[in-house]
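Engineer: Sequence:
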Amino acid sequence: MRNRGEEAYSHFLEGYNCTQSILMAYRDFFPEESFSTILSLSSSFGGGMGRLREVCGTVSGAFIVLGSIYGYNTPRDNERKTVLYGAIQEFASLFEKENGSIVCRNLLGLEGKSSPKPEARTAEYYKKRPCPKICFSSASILESFLKEKGILDENGELKK
49 MRNRGEEAYS HFLEGYNCTQ SILMAYRDFF PEESFSTILS LSSSFGGGMG RLREVCGTVS
109 GAFIVLGSIY GYNTPRDNER KTVLYGAIQE FASLFEKENG SIVCRNLLGL EGKSSPKPEA
169 RTAEYYKKRP CPKICFSSAS ILESFLKEKG ILDENGELKK
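For the record, in the sequence shown the residue sitting at position 11 is 59 according to the numbering used here, with numbers rising by one throughout.
Hints in this document: simulated from the structure, not taken from any laboratory.
Computed from a prediction, not measured in an experiment: that's the story for all the values here.
No residue lacks a Cβ here, since even glycine has one placed at the ideal position from N, Cα and C.
It is possible that part of the hints are untrue.
[Unchecked claim] Lysine-lysine pairs mimicking DSSO-like chemistry, simulated, CA-CA at most 30 Å apart:
#  : residue 1 : residue 2
1  : K181      : K197
2  : K165      : K208
3  : K129      : K207
4  : K161      : K207
5  : K165      : K176
6  : K161      : K181
7  : K175      : K145
8  : K208      : K129
9  : K175      : K165
10 : K208      : K161
11 : K197      : K129
[Stated by the list, open to error] Quick list of the computed label-pair ranges, beta carbon to beta carbon:
#  : residue 1 : residue 2 : range
12 : G63       : S163      : 31 to 39 Å
13 : S149      : E196      : 19 to 27 Å
14 : E167      : E146      : 23 to 31 Å
15 : G160      : K207      : 37 to 45 Å
16 : K161      : N203      : 35 to 43 Å
17 : S91       : G119      : 40 to 48 Å
18 : E80       : G119      : 35 to 43 Å
19 : V131      : A168      : 37 to 45 Å
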């Protein structure tokens with residue numbers, strides 16, 4: 049049985065940022081040939097959007113996954129926009145209920161934005177940061193959400 053929370057947790061420990069860790073756990077939602085581009089595009093969302101400490105990168109990653117399912121590509125598709133935005137709001141509410149906020153600085157107990165220079169991923173870094181656990185939480189919440197919506201089967205696999 050697949051555990052996407054554990055996958056996201058592990059990917060963060062490998063050095064992927066929070067957004068990329070979620071996307072790695074949901075890699076099967078995206079075409080393999082474009083996944084490297086998706087990782088590059090999503091790299092800017094780490095650290096609450098480029099270490100601005102705004103929306104948590106794991107939440108942004110979940111939103112990207114939800115966009116891959118419910119997204120629209122024509123500007124006047126208000127029906128699909130409504131479905132997508134409903135899914136976004138529902139996920140955000142679930143995440144906030146479990147974690148207290150969807151804002152990176154609140155989750156980390158920080159004030160304002162951080163230096164653009166990322167911190168070295170050392171044992172000390174992982175001791176003081178809840179990020180791997182937040183990756184686990186976000187990916188798990190998304191997994192439950194997608195099972196409830198019938199997108200994933202009971203084993204956590206994408207229904208084809």
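Engineer: Does the structure break any of the earlier hints, and which numbers would those be?
Structural biologist: Numbers 2, 4, 10, 12, 17 and 18 - these are the hints that the structure violates, sorted from lowest upward.
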